[in-house]
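A.B. asks: Using the hints, position chain C against chain Y.
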Amino acid sequence: MRLFLLSFIYLLGLTALQAATLAEYTFEDPAQDEDFREIIEEMRCLVCQNESLAGSNAELAIDLRNEIYDMMKGGQSKGEIIDFMVARYGDFVLYSPPVKPSTYPIWFGPLIVFLIGGVVLFRIIKRKNQSRETELSEAEQQKLEKLLNQSNEQRDTNQ
Amino acid sequence: MNRYLRYSVPLIVFGIIAVFLYKGLGMNPREIPSPLIGKSIPEFSLPSVESAQTMINDQNLKGKIYLLNVWATWCVSCRAEHDTLVHLARSGKVEIVGLNWKDERVKAQAWLQQLGDPYTVNIFDKKGRTAIDLGVYGAPETFLVDGDGIIHYKHAGPLTLGVFNETLLPMINDLKAKGS
Chain Y
8 MRLFLLSFIY LLGLTALQAA TLAEYTFEDP AQDEDFREII EEMRCLVCQN ESLAGSNAEL
68 AIDLRNEIYD MMKGGQSKGE IIDFMVARYG DFVLYSPPVK PSTYPIWFGP LIVFLIGGVV
128 LFRIIKRKNQ SRETELSEAE QQKLEKLLNQ SNEQRDTNQ
Chain C
1387 MNRYLRYSVP LIVFGIIAVF LYKGLGMNPR EIPSPLIGKS IPEFSLPSVE SAQTMINDQN
1447 LKGKIYLLNV WATWCVSCRA EHDTLVHLAR SGKVEIVGLN WKDERVKAQA WLQQLGDPYT
1507 VNIFDKKGRT AIDLGVYGAP ETFLVDGDGI IHYKHAGPLT LGVFNETLLP MINDLKAKGS
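Each protein sequence line maps, in turn, to chains Y and C.
For the first sequence, my numbering assigns the number 8 to the initial residue and increments by one for each residue that follows.
For the second sequence, my numbering assigns the number 1387 to the initial residue and increments by one for each residue that follows.
Warning: the hint list may mix true and false statements.
[To be verified] The list that follows gives simulated cross-link-like pairs (lysine-lysine, DSS-like), each with its CA atoms no further than 30 Å apart:
hint, chain 1, residue 1, chain 2, residue 2
1, C, 1513, Y, 80
2, C, 1425, Y, 80
3, C, 1409, Y, 107
4, Y, 85, C, 1512
5, C, 1564, C, 1450
6, Y, 80, C, 1488
7, C, 1488, C, 1425
8, C, 1564, C, 1479
9, C, 1488, Y, 85
10, C, 1512, Y, 80
11, C, 1493, C, 1512
12, C, 1540, C, 1488
13, C, 1493, C, 1479
14, Y, 85, Y, 107
15, C, 1425, Y, 85
16, C, 1564, C, 1493
17, C, 1409, C, 1540
18, C, 1409, C, 1448
19, Y, 107, C, 1425
20, C, 1562, C, 1493
21, Y, 85, C, 1540
22, C, 1540, C, 1448
23, Y, 85, C, 1513
24, C, 1450, C, 1562
25, C, 1540, Y, 107
Hints are computed from structural coordinates only; laboratory data are not their basis.
Since the model is a prediction, treat every value here as computed from it, not as a measurement.
Okay, chain Y solo, but in the shape it has when bound (with noise of 0.2 Å):
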């Protein structure tokens, strides 16, 4: 328990520091501000894949962070930065790729699994519910209707 306080405590610590990081970002604009921190989180950092530049602390990301602040200090746009990074690393710098035919299957694949899966479900419900009424052979006709015609007779002696 105490083991697992200390981490959590540690764990606490880190994110301070790497809170502490980005802070050294400032602008005077709150709006570019707002840019700056939404182009961080939506690029990837391209040596630790899974972090984004906001997140990651490996160098060329720091460098990656100096050289977006510089240039939105330098009044550039976010799409003029953006555009600046696709063109030097590509589209897999960006957490969500544009959408163009070598990226349709990540935009669209899920949603063609997901029809196909609908599609055979909809056939299987179908058949479950056909197979319910399907017809009795001869026998069970006839069994049906004698049992029918018993509960019939027992009514009528009933009343």
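C.D. replies: Below, chain C without anything else, positioned relative to chain Y:
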């Protein structure tokens, strides 16, 4: 639906997934397609590793086919790759230009003295700004550049003789045949 066909559906689905997973095993997530292929190397003007007074720019490198090798003394894979580079440079099959990335000049010079110097030109990119323009995200990385400064191929990770002979050498021969 045929009874056998129905039972073979899971098998087919499994087969498709297995093929994708098997292909995935052989793929290298570090290999990111470079958008710079077919484009010019970026403009730059940087000192050489040998001397802070000697400046090199992108125009100086025109007129020859060469490999642009991004390296650093802090990069372990570069050490592993170095002997291959020295071997290639001695073979005379291609020239190698170095881009020393975010390194210290003294360390870089000592490394070349100890391990041999395969580079005809060695660019000193202390800040890593030109490396960003080249889309470098790790070392070592090797670009194949033609006489007009156009990038034709990028290899991420240590260069091996296998990669050189199978991929780069045919491209170099093609470029030479085209007379660029």
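A.B. asks: If a hint holds in the structure, say so; if it doesn't, say that too.
C.D. replies: Against the structure, the hints:
{"no.": "1", "hint": "1513(C) with 80(Y)", "result": "19 Å, holds"}
{"no.": "2", "hint": "1425(C) with 80(Y)", "result": "28 Å, holds"}
{"no.": "3", "hint": "1409(C) with 107(Y)", "result": "23 Å, holds"}
{"no.": "4", "hint": "85(Y) with 1512(C)", "result": "27 Å, holds"}
{"no.": "5", "hint": "1564(C) with 1450(C)", "result": "13 Å, holds"}
{"no.": "6", "hint": "80(Y) with 1488(C)", "result": "24 Å, holds"}
{"no.": "7", "hint": "1488(C) with 1425(C)", "result": "24 Å, holds"}
{"no.": "8", "hint": "1564(C) with 1479(C)", "result": "16 Å, holds"}
{"no.": "9", "hint": "1488(C) with 85(Y)", "result": "27 Å, holds"}
{"no.": "10", "hint": "1512(C) with 80(Y)", "result": "23 Å, holds"}
{"no.": "11", "hint": "1493(C) with 1512(C)", "result": "12 Å, holds"}
{"no.": "12", "hint": "1540(C) with 1488(C)", "result": "20 Å, holds"}
{"no.": "13", "hint": "1493(C) with 1479(C)", "result": "28 Å, holds"}
{"no.": "14", "hint": "85(Y) with 107(Y)", "result": "21 Å, holds"}
{"no.": "15", "hint": "1425(C) with 85(Y)", "result": "24 Å, holds"}
{"no.": "16", "hint": "1564(C) with 1493(C)", "result": "39 Å, violated"}
{"no.": "17", "hint": "1409(C) with 1540(C)", "result": "21 Å, holds"}
{"no.": "18", "hint": "1409(C) with 1448(C)", "result": "39 Å, violated"}
{"no.": "19", "hint": "107(Y) with 1425(C)", "result": "21 Å, holds"}
{"no.": "20", "hint": "1562(C) with 1493(C)", "result": "35 Å, violated"}
{"no.": "21", "hint": "85(Y) with 1540(C)", "result": "28 Å, holds"}
{"no.": "22", "hint": "1540(C) with 1448(C)", "result": "18 Å, holds"}
{"no.": "23", "hint": "85(Y) with 1513(C)", "result": "24 Å, holds"}
{"no.": "24", "hint": "1450(C) with 1562(C)", "result": "9 Å, holds"}
{"no.": "25", "hint": "1540(C) with 107(Y)", "result": "23 Å, holds"}
Hints 16, 18 and 20 from the list above are not met by this structure, while the remaining hints are.
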